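Order-wise, the sequence lines are chains A and B. Counting in the working numbering, the first sequence runs from 1 upward without gaps. Counting in the working numbering, the second sequence runs from 1001 upward without gaps.
It is possible that some hints are incorrect.
Covered stretches of chain B, as calculated for chain A (at least 3 residues, CB under 8 Å) [what the hints assert, rightly or not]:
no., region
1, 1012 to 1020
2, 1078 to 1084
3, 1230 to 1239
Chain B residues, not near chain A, derived (Cβ > 12 Å throughout) [claimed, not checked]:
no., residue
4, Glu1048
5, Ala1052
6, Asp1062
7, Glu1104
8, Glu1111
9, Leu1163
10, Asn1180
11, Gly1195
12, Phe1196
13, Pro1197
14, Ile1214
15, Asp1243
16, Gly1244
17, Thr1247
To be clear, the hints were calculated from the coordinates, so they are not data collected in a lab. Since this is a predicted model, take the numbers as computed values, not measurements. All residues carry an ideal CB built from backbone N, CA and C; glycine is no exception.
One-letter residues, chain by chain:
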Amino acid sequence: MSNDAGRLEGKVCVVTGGGSGIGRAVCLLFAQEGAAVVAADVNAESAERTAEAILSQDGRGTAMEVDVSQAESVRRMVESTVEELGRIDVLVNNAGFGFAATVVETEEADWDRLMSVNLKGVYLGCKYTVPVMIRQGGGSIVNTASAAGLVGVPDRAAYCASKGGVIAMTRAMALDHVGDGIRVNCIAPGSVESPYFDDIFARAEDPAALRRQMESRHPIGRLGAPAEIAQGILYLASDDSSFVTGSALSVDGGMTAH
Amino acid sequence: MRLGGKVALISGGARGMGAAEARLFAKEGARVAIGDVLEREGREAAAEIAAAGGEAMFIGMDVTSPSDWDRAVESVASRFGRLNVLVNNAAIYLRGLVEETAPEDWDRVMEVNAKGPFLGTRAAIPAMRESGGGSIVNISSFNSLVGTTTSTAYNASKAAARLLTKSTAVQYAKDGIRANAIHPGPVWTAMFTSGFPDTESIERRRAQAPLGRIGTVEDVAYGALFLASDESSYITGSDLVIDGGWTAQ
Ligand SMILES: NC(=O)c1ccc[n+]([C@@H]2O[C@H](COP(=O)([O-])OP(=O)(O)OC[C@H]3O[C@@H](n4cnc5c(N)ncnc54)[C@H](O)[C@@H]3O)[C@@H](O)[C@H]2O)c1
Ligand SMILES: NC(=O)c1ccc[n+]([C@@H]2O[C@H](COP(=O)([O-])OP(=O)(O)OC[C@H]3O[C@@H](n4cnc5c(N)ncnc54)[C@H](O)[C@@H]3O)[C@@H](O)[C@H]2O)c1
Chain A
1 MSNDAGRLEG
11 KVCVVTGGGS
21 GIGRAVCLLF
31 AQEGAAVVAA
41 DVNAESAERT
51 AEAILSQDGR
61 GTAMEVDVSQ
71 AESVRRMVES
81 TVEELGRIDV
91 LVNNAGFGFA
101 ATVVETEEAD
111 WDRLMSVNLK
121 GVYLGCKYTV
131 PVMIRQGGGS
141 IVNTASAAGL
151 VGVPDRAAYC
161 ASKGGVIAMT
171 RAMALDHVGD
181 GIRVNCIAPG
191 SVESPYFDDI
201 FARAEDPAAL
211 RRQMESRHPI
221 GRLGAPAEIA
231 QGILYLASDD
241 SSFVTGSALS
251 VDGGMTAH
Chain B
1001 MRLGGKVALI
1011 SGGARGMGAA
1021 EARLFAKEGA
1031 RVAIGDVLER
1041 EGREAAAEIA
1051 AAGGEAMFIG
1061 MDVTSPSDWD
1071 RAVESVASRF
1081 GRLNVLVNNA
1091 AIYLRGLVEE
1101 TAPEDWDRVM
1111 EVNAKGPFLG
1121 TRAAIPAMRE
1131 SGGGSIVNIS
1141 SFNSLVGTTT
1151 STAYNASKAA
1161 ARLLTKSTAV
1171 QYAKDGIRAN
1181 AIHPGPVWTA
1191 MFTSGFPDTE
1201 SIERRRAQAP
1211 LGRIGTVEDV
1221 AYGALFLASD
1231 ESSYITGSDL
1241 VIDGGWTAQ
């Protein structure tokens, strides 16, 4: 950066799933750009590690435990943030997970769990944060969707459905709250190097072959880095995108362009 | 500096969005070439950047001419040594329903808005490859995504630019060349006010954009900056919609 102020100077940003992967990269980047960051995660220890990493780069960061699928937990996260930091300028609904299964193989309990984190989690985050943003006169919400919400991915029926839901809800919420000064957008990453994929590779019969197959789905020939997704989220979170709302930005190495 | 060390060529950079992109890119450390048919405005835009401490040059060119493009890319390379960013921004607007659109006007709009970006992309790729990769940003329009009751040829030409972008992305990813499209909604520029000169039609546009305002050239320039920079290194073949929510509804 040059000597100008950071792109999120003075803003309070809450990032769910902030303990790992994309969420952790978002927390570190936002802090570098001057934000006060709340790293919220169901894995409290991982959120602590993110907060420590922020402090060690001289940023402002706090850890918070949250289960985004539980209304009471999300309500408390929002309340504590406002108590401690006074406001919420940016909410990144990023917590999520996936599993490999066709619709026939998907157990009902697994479907429910996936929807409750990936889709209901976004709903709850917005339900409790939007009123805070309305009171303070505006804000920016960025949801982590996926390329899997835009195109079909084999063996990911429930995951695709949850992310397609996030994209649709993003558009609707953008219209509902445009008059409140709140912008709502989502990011649609392709495949990203993260514990999420480490896990999928670890379970694969032939991890190397699966990796090659994943890479070849992206014209750019490689998987993305969490920091590359974080840059897209930064653009949507910051005032650089003040005329952007209701949009889905693909950060996918060309995956959905062919 | 978000574009430190980079060299950018911006077509239609003499005024409007293109000029805003040139100013912002220069402020973020890029050396900038403005290509335009408007000589006086183009020279003034370049001089303004230089006066603010940036580095800029003007190249008189018509985007419909293949030889103008070759000359432009050559002069950028000889003055600045490389080419990292091309913004295909030059375009013309034509209002009119299908029946009101004269066949020769359709051709002219396609010539500038679809063939222009194609020629620019074609001329820039070898220079970008030599520079170790690059980023092409095509300024399309929200009119490429949805139908409108005001224009016909313009919408089709912008849709052509959108798919040119995706094909370029898929074909040249292996060379480290990225290509993305920006789809602005209505933005205050000479193009907008000449297409929509009366208060009533401006108000109608304003009301149709959920955000309730007409965009500014800076709104679009910041998007172009993001796509031009290495911050977007994993983004290619993508649509960045900067339209105040118009196409979300
Ligand atoms: N990695 C990819 O390829 C990829 C691609 C597209 C989209 N995404 C999406 O990006 C987001 C982040 O994924 P990632 O790749 O960084 O994965 P990750 O597993 O590294 O991180 C996800 C984080 O979310 C947390 N989390 C899970 N359930 C939670 C809950 N109920 N409440 C609070 N926190 C919870 C986890 O503890 C973890 O820290 C997810 O929404 C994922 O679907 C990932
Ligand atoms: N203003 C809007 O509402 C709006 C909305 C969506 C998209 N756009 C697009 O944004 C881009 C910039 O438009 P603007 O609003 O700044 O318009 P503008 O008319 O102010 O600027 C366009 C520039 O392109 C130049 N140009 C036109 N034809 C040329 C040619 N053949 N060769 C070289 N240069 C040429 C013009 O001289 C001018 O400097 C265009 O691609 C336009 O289609 C504009």
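Verification of the supplied hints:
For the region 1012 to 1020 of chain B, the stated coverage by chain A is violated: 0 residues have a C-beta nearer than 8 Å to a C-beta of that chain, whereas at least 3 were required. Coverage of the region 1078 to 1084 of chain B by chain A is violated. Counting CB-CB distances below 8 Å, 0 residues qualify, and the rule asks for three or more. Figure legend: the region 1230 to 1239 of chain B, annotated as covered by chain A; annotation consistent (9 residues with Cβ-Cβ distances under 8 Å, at least 3 required). Even its closest Cβ contact with chain A, about 20 Å, leaves B:Glu1048 beyond 12 Å, as expected for a residue assigned away from the interface.
With 12 Å as the threshold on Cβ separation, the claim that B:Ala1052 sits away from chain A holds: the shortest Cβ distance comes to roughly 14 Å. No Cβ of chain A comes within 12 Å of the Cβ of B:Asp1062; the nearest lies about 29 Å off, and the non-interface call holds. In this structure B:Glu1104 is separated from chain A by more than 12 Å, as the shortest Cβ-Cβ distance comes to about 33 Å. No Cβ of chain A approaches the Cβ of B:Glu1111 within 12 Å, the least distance being about 25 Å, so the stated non-interface status holds.
With a closest Cβ-Cβ approach of about 10 Å to chain A, B:Leu1163 is found to fall inside the 12 Å limit, against its non-interface label. With a least CB separation of 9 Å from chain A, B:Asn1180 falls inside the 12 Å interface cut-off, contrary to its annotation. Distance check for B:Gly1195 against chain A: the nearest CB is about 19 Å away, which clears 12 Å, and the non-interface claim stands. Consistency note on B:Phe1196: stated as away from chain A, and its beta-carbon is indeed over 12 Å from all of that chain's, at 17 Å minimum.
With a least CB separation of 22 Å from chain A, B:Pro1197 remains clear of the 12 Å interface cut-off, as annotated. Distance to chain A contradicts B:Ile1214 as a non-interface residue, since its nearest Cβ pair spans about 9 Å, not more than 12 Å. At the 12 Å boundary, the C-beta of B:Asp1243 falls inside the reach of chain A, the nearest C-beta of that chain being 7 Å off. Taking the minimum C-beta to C-beta distance to chain A, about 5 Å, the non-interface status of B:Gly1244 is violated against the 12 Å cut.
For B:Thr1247, the shortest C-beta to C-beta distance to chain A comes to about 8 Å, within the 12 Å cut-off, and the non-interface label is violated.
Violation of the numbered hints given earlier is confined to hints 1, 2, 9, 10, 14, 15, 16, 17; the remaining hints are satisfied by the structure.
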